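Participant: Residue strings, one per chain:
Protein chains: 2
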Amino acid sequence: MLHSDDRRRQVKSANRRAILDAAADLAEERGLGRFTVEDLAERAGVSRRTIFNHFASVDDAVYARCSELLGVIVDDFVELADATPPPDAPSTGAVFEQLADVIERTDLVRPLSRIARLVGTGENHPATIMWGHEVLQNVTARLTDEVARRNPHSDPFTVALLASSLINAMEVAFTQWAAETGAADTPGSRLVWQRLLRTAVEHLRHGFAG
Amino acid sequence: MLHSDDRRRQVKSANRRAILDAAADLAEERGLGRFTVEDLAERAGVSRRTIFNHFASVDDAVYARCSELLGVIVDDFVELADATPPPDAPSTGAVFEQLADVIERTDLVRPLSRIARLVGTGENHPATIMWGHEVLQNVTARLTDEVARRNPHSDPFTVALLASSLINAMEVAFTQWAAETGAADTPGSRLVWQRLLRTAVEHLRHGFAG
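If you read the sequences in order, they're chains W and D. What the first sequence shows, in the numbering used here, is residues 1 to 210, in sequence order. What the second sequence shows, in the numbering used here, is residues 211 to 420, in sequence order.
Worth flagging that the hints you see were computed from the coordinates, not collected in a lab. Keep in mind that this is a model prediction, so the values were computed, not measured. Where is the CB? At the ideal position from N, CA and C, for every residue including glycine. Treat each hint with caution, since some may be false.
Said to hold, decoys possible - Partial selection, computed: residues in chain D whose CB lies under 8 Å from chain W: (1) Pro300; (2) Phe306; (3) Ile339; (4) Met340; (5) Leu346; (6) Arg415.
Please construct the entire structure, taking both the sequences and the accompanying hints into account.
Facilitator: Spelled out as C-alpha cells, the structure:
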C-alpha cells in the first residue's frame, strides 16, 4: 500500500516536471498565450486531464515555471547570505552592505533572461501583473525577514523600507536592462546589468541628496 | 441640435457623478463587493442600464472614485510643483529636495484615508491589485516626467530610480501608517504620517549606508 502510494507520488511529480518543462519550451518557441492545452499535453506526453490536475490553465503552468526560476535566485541568495554571518555590530548600514554584496554576487541575468523570454517584458497581460505582484510581495517579505534576522534591534519600518527599496531598485534596473539589451544573456548584457545594478545600489547606499 | 447634444452631455455627466458618489457611499457603509448593481442604481437614482453605460461593474465605479481621489493628490502635487520653478543649477540632489518638500506639503492623509475606507487596506482583492498596479504605474510615470522636466540633463535611469524610489517609499509608509492608525484621519494619525514620511524621505535623502 505504501509502495503504491510512493509510486503514485513519483508519477505525479514526473508529470508535473514534464508539464512545466513543456510549457516553458512552448512559451519560448511561440509566446505566452499562443499554444493550447492540447499542444501542451502532446509535448509533455500526458493527457489533457492530467494538465488540469496540476494547473488551472496553460498560462498557470508557464507562471509556475517562472516562479521556479525566481525561486532559484532566492535560494542562491539565501545560500550566499547564510555563508555570511550577521554583522558583529548590527546596524542598518552594516546590513545594507552585506545585502548589496550578496545581491551583486547572485547570478540574476540567467534566470531573469529566461523569465523575460517566457512571459515577455511588457507585462501588459493581467495574469502577468497578478503573478508579478505576488512574486514581488513574496520576495520583499523574504528579504524583510532576512534584514530583521541580521539586525534584530532595528526599527521595523526602516527594515521594511530597506528591503522594499532594494527590491524596487532591482525591478527598475531589470526594466532598464530589458529595454537596453532585449533581456538577452550575453557577455555584453551582463556588463550592462552590472552597471545598472551598481548605479542603483550606489543611489540607495548614499542617497539622492548628491 | 447642438443644444440637445449639450443637454445630453450634461445629463451623462450628472449621472456619472451620482453613480460615483453613490458607489463611494455604499462602499464606505457596507464594504467593497457587499452591494449589488440594483443597490447602486437605487442610491444614485438612475437605471441599472445607465450604470452599465458608465462602468463595467459596481467595483469599477468604486475604483473610478478612488482614482479621482488619487487624481486630487497628483493635481495638488503638480500645482505645488508648478509654483516651485526648477532649480537654477539642476542636479539629482536639488530636484530630490524640491520634490521631498512638495510631497511633505501635499495633504495625503485625507484622500488616502478615504481610499482606505473604500477599498480596505488588505489589497487581497484581485481587482484592487490590478487597480493599484495601474495607479502606481501612472503616478510613477508622472513623477518621472516631473523629475526629467526639472533636470533635463540627468541620466534617464537615475530619474526613473528617483521617482520610483519615492513612490515606493510612500507606499511602504502608507502600509505602515494604515497598520498603526487604521487609516483614520485624526490629528494623531496625521502626526504618525508625518513621522513615517519624514523617516522614509530621510533614508532616501542620505541613503542606507548609515
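Participant: Go through the numbered hints given earlier and state which of them the structure violates, listing their numbers in rising order.
Facilitator: Of the numbered hints given earlier, those the structure breaks are 1, 5, listed in rising order.
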